[in-house]
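Fit chain L to the given chain C structure using the hints.
Respectively, the protein sequence lines represent chains C and L. Mapping the first sequence onto the working numbering, position 206 (from 1) lands on 206, and the numbers just tick up by one. Mapping the second sequence onto the working numbering, position 200 (from 1) lands on 200, and the numbers just tick up by one.
Simulated from the structure, these hints should not be mistaken for lab results. Any given hint could turn out to be false.
Covered by chain C, according to a simulated footprint, are these stretches of chain L (three or more residues, beta-carbon under 8 angstroms) [claimed, not checked]:
hint	stretch
1	47 to 53
2	57 to 65
3	111 to 117
Note that the structure is predicted; figures quoted are calculated from it, not measured. A virtual CB, placed ideally from N, CA and C, is assigned to each residue, including glycine.
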Amino acid sequence: MTEADLYRHQVRLPAGAEAVVAVGDEVGPGDLLARTVRVAAARSVPVARPLRRKRGEIGDLLLVEPGERVRADQPLARTPEREVRSPAEALFLSYQPSDGLAHVLPLEPAEPIRSEVRGIVVEVEERSITVAVHGVPMAGAGGTGPAVQGPLSVLVDDAEAILEPAAIDADSAGRIVVGGSWASAEAITRARAVGVAAIVVGGLHARELADFAGLQHRRSLLGSAAPPFAVLALDGYGRAGMDPARFGWLKAHAGQPATVLGDGRRLLIYDASPAPVRVPRAVVGDRVVIVSGPGRGQAGLLSEVPAQPMAIGSGISALCGMVRLDAGRTVSVALANLEASLPVS
Amino acid sequence: MGSGHAEWTTAMLAETGDRPLPEGSRAASEVVPADVDEFATTDAMANLAARPMAVPSSVAEAAMVQALGIDRLAAARRWLGGCPPVDLLVGGGRLLAAAVHPGDAALALLDGLRPAGVTQLAVDPWGICGPLGTLAGEDVDEGMETLRDDLLVPLGTAVVSRGGRPGQVAFRVRLHRPGWPDSTRHEVRVGGVAVLPLERGASGELEIELERGVELGERYRARRMRAAVTGGAVGVILDARDDPIQVPTRPGDARSMIQSWRDTLRREGRPAAG
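Pulled out of the complex, with its shape left as it was, chain L reads as follows:
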């Protein structure tokens, strides 16, 4: 129908259940980390929906695309009945592959899917995984051998917790790297997110100590544990924002908080290659 694009995009944001957004396009203008009004938000969403191959040209447009991507990932998660426990989460598509910063790609994956526990994150920038999956068995091995290091761009490892009371410590971690002195102990509070630098190709062991009422999902029952972690363009992401993520009800506060999460993931991560 005539106004299909606008209706589709606003409905898409309104249906977000896991991330409690207010209804309609106002939702987007309240959560995107840019100072835009409802009209501009709806126009930008409708324009991008009408021209899906267009590249977001402004900070606001990029933030809106990110918000829509998160919403779609959240919808996929609901459809799956929750994010299944996995060791490696690979993101594909232009939203993630062409993100302004690898931290943005990581944040989209974490916000949309909330993978509880310890999960490696990567993006498939060239969209190779799909076609590779259609090859016969031996061809897949050959393809993997050929592409090897170019296939995926690792973002790092994420530790995502659930539960706990806002403001209280969710978990404490210490990163052990072979040949390096042990890092200081880091505390992450419920509702917070932090990043430990760990470059691409590096690996280590993360000592995790959970506080009461906080959990890392089905696969991690112990209160104290050690988990293998690998580095990437962002590092080791410590995410205690609970599930579903709660954002403040006041629009300005929500915007500030979302911007602070983005800043955190961008601060430690390596900027996207030019």
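Chain C on its own, in the form it takes in the complex:
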């Protein structure tokens, strides 16, 4: 894998965040990348009275400029005998001769921003930090949960198989469990209970995913100490087979360390071989995957593209392709609902 092939993982920073890493730093999951600050209500700091000077005689005694960031206890103004210090880390706003007060905006620490992946910092911008990763990403259609790490563990034999709750046991704790076509709410609940890091499957019910995301959110508000857990649906929502090429790639990397970004709908396998690529606009002779509608997730060969549009199941007229499925049948599928599965180079 060359430098150009490295996956660049970008972390967005909120306004005012302060990076604590520099280009070239090595980071791992959970390492601090940046700190954010929250602006509290402005505070007034008496200056003229503590310095025992007239209000209009302070100008030359100020040590900071308006807009300057000051540390807690940093002197703001000084005479040979006395000084006034900042009550907190703050933004110095101004000194008002009319009342002899200085005004500061205290800056309170907020949530730390931590790395989700293992890699090297290659870019630090005002609003983002980019980490180059020796890994290969695979985008999913849906997911939920934070970034979690663990070795890949494939618990089914083929892409069509359902991830049964009984297949998930204590040995799966801390692992990223790969199922086949689908996982039920029961399987997800069990995985979370035994300490699985993440579940990766072809499809999930959107409703169950939304319910689970809501449950996770409520638990986080209550300060749950449960380990982080993520869910990723690679091919879509509902019961559908996982793209066999993707399943094969995942199976080939069983045991490999990986990261699942549930909310980011992405899987990242470290030090992996190139992942199968899917592109729209398949042509005759391509190996294709049905990505929408009945048969979603099934793969086959695009054998013919009739020149005239054909009516599909919905009654809509669309340009279609004849797909000879791996299962043996030939079906007509709207070209818009097919993606070519390109061979790994």
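Below, chain L alone, put in the same frame as chain C:
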């Protein structure tokens, strides 16, 4: 966020105010004219949201897309503070241009926008109107001249009324066409929809007689009036479903009623070209 698609689509349906849908994805499964459960509805909506270029592959998916389109049009209408009175309503985008049947496109426009009065309906199948609007004045004329008959596909003319009591007659119409014997008088009851055949390129005059408590909007104050109508892929649509449209509270009844409206508009209309 992770479940954004699902949340977005369910929230989208839940926020429908003009068409009183129950909250959440259950709403869609209750009003789409197909026998699908809540899970299937949410999955289909989430899949279509995740892959917006996909073509609905089943009757249920097509119906859900239609329901979402209507919901978005209704939201646009609310944002505008109501559908302004217009002579011609042009629908664009894949939902309308690639509808299974022109009647579906007409129904989406009528359900979503409720244009009171007498309005010509058309679709812009090639998405030409937008780019044409960016041309300089003389270029627009040249573009119109070049495209002329290919620019828009007329669906026909809609008469949309408000008010009246359910089940009572909303208005009566008689269609006059030059060179044709006058048609019989048609009655449309409040809550109902009907279609008079009038093919593309044909025109006529519609004699309208409103019942007490029924109105056609600001531009049509008289109880009896005559309005010019043009034909199209659907015909002359007589829509007395009030505003907002009321659907029965029982899911099965709502589904049957919506299906009956769709059947009515499809019965007279010409199927979409293959």
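These are the hints, each one checked on the structure:
Counting residues of the stretch 47 to 53 of chain L whose C-beta lies closer than 8 angstroms to any C-beta of chain C gives 5; at least three are required, and the coverage claim holds. Here the stretch 57 to 65 of chain L counts 5 residues with a CB under 8 angstroms from a CB of chain C, which clears the bar of 3, and the coverage holds. For the stretch 111 to 117 of chain L, the assignment as covered by chain C is violated, since 0 residues bring a beta-carbon within under 8 angstroms of that chain's beta-carbons and 3 are needed.
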